Amino acid sequence: MDNRDYFWLVVIIIILAAAGWVVQSPKYPIVRGLDLQGGLQVLLEADLPSDQAVTPEQMDTARQIIDQRVNALGVAEPLVVTEGERRILVELPGINNPDEAISLIQETALLEFIDTGSQPLPEGMCVRTSSHEGPVRCELESGKTITDTIASPAPTFETVMTGASLRTAESQRDQLGNYSVSFELYPDEADFFADYTRNHQGQFLTIVLDNQVISSPRINSAIEGGRGSITGQFTLEEARKLALQLRFGSLPVPLRIESTRQIGATLGEISISSSIRAGVIGFAVVLLFMLVYYRLPGFLADVALIGYALLNMAFFMLIPITLTLPAITGFLISAGMAVDANILVFERMKEELRRGSSLREAILTGFDRAWTSIRDSNIATLVISFILWIFGRNFGASTVQGFAYTLAIGVLISMFTAVFVTRTFVRIFMGRSSAKLQKMKWLLGV
Amino acid sequence: MFNLVQGRRKYFAFSGILIGLGIAAMIYSFITTGAAFPLGVDFRGGTRFEIQFEQPVEEKAIEDVFAQFDLTHNSIIALRGESLENAWQIRTKFVTPEQAQEITDALERELSPLKPDTTSVQSVSPSVGGEVTNAAFTAILVAAVVILVYIMLAFRQVPNSFRYGASAVAAMIHDLFVIFGFAALMGMLRGWEVDALFLTAVLTVAGFSLQDTIVVFDRIRENIVKRPFEKYETVVNRSILETIHRSLATQLNAMFVMVAILLFGGASIKPFIAVLFVGMLSGTYSSIFTAVPLLVSWEKGEIPFVKG
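From first to last, the protein sequence lines are chains E and A.
Read in order, the letters of the first sequence correspond to residues 126 to 571 in our numbering.
Read in order, the letters of the second sequence correspond to residues 195 to 502 in our numbering.
Source of the hints: derived by calculation from the structure; they are not laboratory data.
On a predicted model such as this, the values are computed, not experimentally measured, just so you know.
C-beta: ideal position from N, C-alpha, C; glycine also.
Everything hinted at is true.
Far from chain A, some chain E residues (derived; all Cβ distances over 12 Å):
id: 1; residue: V135
id: 2; residue: Y153
id: 3; residue: Q177
id: 4; residue: A178
id: 5; residue: Q183
id: 6; residue: P280
id: 7; residue: T287
id: 8; residue: A289
id: 9; residue: L361
id: 10; residue: R485
id: 11; residue: G556
Cut-off 25 Å, straight-line C-alpha distance, at most; resulting in silico cross-link-like pairs (SDA-like, lysine to any residue):
id: 12; chain 1: A; residue 1: K309; chain 2: E; residue 2: G219
id: 13; chain 1: A; residue 1: K420; chain 2: E; residue 2: T497
id: 14; chain 1: E; residue 1: K475; chain 2: A; residue 2: Q445
id: 15; chain 1: A; residue 1: K287; chain 2: E; residue 2: R211
id: 16; chain 1: A; residue 1: K420; chain 2: E; residue 2: E486
id: 17; chain 1: A; residue 1: K420; chain 2: E; residue 2: D493
id: 18; chain 1: A; residue 1: K287; chain 2: E; residue 2: S175
id: 19; chain 1: A; residue 1: K425; chain 2: E; residue 2: E477
id: 20; chain 1: A; residue 1: K464; chain 2: E; residue 2: R402
id: 21; chain 1: A; residue 1: K309; chain 2: E; residue 2: D224
id: 22; chain 1: E; residue 1: K475; chain 2: E; residue 2: W496
id: 23; chain 1: E; residue 1: K475; chain 2: A; residue 2: L198
id: 24; chain 1: E; residue 1: K475; chain 2: A; residue 2: T428
Okay, chain E solo, but in the shape it has when bound:
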């Protein structure tokens, strides 16, 4: 019990202040899961015979295309991730038109070749095309629908050809080691394309997918016989991706819906208000119990516990962790473990005091001896959370994963607050005046 305790007290105060700043900062909002704000979850699987291989590139391209589409839906925090080898999980929280979303995810995208004259367009740029006039999805800001007026409409370009004319496309590597993409048109289209490229040499033929630019190659020479190639500074990866996009126009693999979850927004609101109420009441009773049962050390543990809640919130916002009902439960359970750690220590302290030790010794022994129990049981809980996390990861049970995350984070933080923070508090506020405190038995709850 020396000056190092004061040093650590300052460190603890700084850490808690930082956590408090994160919690109140609007820069780090809480991410609410589907069950707390309503929304749609869809698990898609490659609709191919199980012996037919699906490459990671195909799945990733499909994921990117779906990601682009759902981004245009105006959902605040859409989540599109591949799961395992053949699955894609889509989560659209807060969405109020699930049917539109589902058809949008499954629909095939439109691949177009547009005439952009002497001007190459940057990748990702949003354009309108002559094949279907009017506003397009990628122009919309989030939250807007297609019927709203658009402040600065995207430029419109002439469609030369659509993906329907393209027979195949493949990535290849020349003798110099450069990657390119070769393509082949259907015979009916070959003459038209040869004419077009002859007349537009030196100009740019931009490729767009769902009205977004994916590549803007220059026509170097007339392409006769329906076979040509796109060269450029491609990496192997880029060449493959472009080839896939050209070949499939839309999704590189057909996808079928394996599971869906649809939760009404009102249900989410009911859940969130009731869980906040339950959490606050439960927490308050625990704080009260610790204060009544353990008195002064209980009060110090309460302060540490409030710090614990604050730190957890800060981590949930920083990482960020998507809060669902199970995730909140995981947090509350880990709070129970944080309390348990203090109970272990304080019971040990009481025991030592009853045995006639001085308060000073009791504090030292209490923290020292209780540590092995705290460590062993916390490691066991971490192992369980890890198994839950793996289990949840394998099949899109994001509810299970949320629980595993918050439980594990909570246990780790509890080792800091319930052991280190409480110990520093106890050493400073009880250890320093231990001789005086020793006589005030009611304050110690012995």
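Given the structure of chain E, go ahead and fit chain A onto it with the hints provided.
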């Protein structure tokens, strides 16, 4: 000193009866419904609708609407609780999202308007359901093995460390049977389903159970070294008594939180919390009245087929 481990035969008998009742509930449920407890769509595959009408609706009328879509043999349950007036849960075989939409449209058209934004629909294809079930079994098995090994390592300096691991796992299995029985019972009484969250509860209970057991075992480990001349039974008994305050205080605290969630929390999570709650009670009980007495019985060679 109060001798707690003396009455171990009574504790074992009590646990036996409790687990026996649970197994009976599971068998009864298996005979009547074909599953030990009602499996949710997560495991079985299928579609679950939760809808709330503006006006009261007859069960038969709902059944008829579903029958129009060739969906018969559905389970239709009226939900009860705060803000759940005219709310129903309907479980059918797997339907696509488009079909689900047509069905809810038909319900709205033919029966009563639905409360806006309160509909929830969950669909899982049978193949995913099967995978989840397999993964669940694997998860429980892996957890049991990891825990056994972990305790053996943590107690390697204590004589017969294997016994500690085995007794802790036995207590854990005890708790799992208690909550399985509870799930079967509540499935029959209230229509609760076993879903992915139930599995989460199972593994968490396994963790709780272990945590309680470790605290007592940890004290035994300490006392064996401190009092080398005391009888094993006495050391064990002393360890239980020394840790019982902590067990009760911790149990009480966990109860505060869980009762708060049960009383005031969201309806969808109540079965999950109730299972956790029962499992936690069982976990504290089993660490004192199963795991530790088992150690003593083992030491005395009372367990059939197992050498002392």
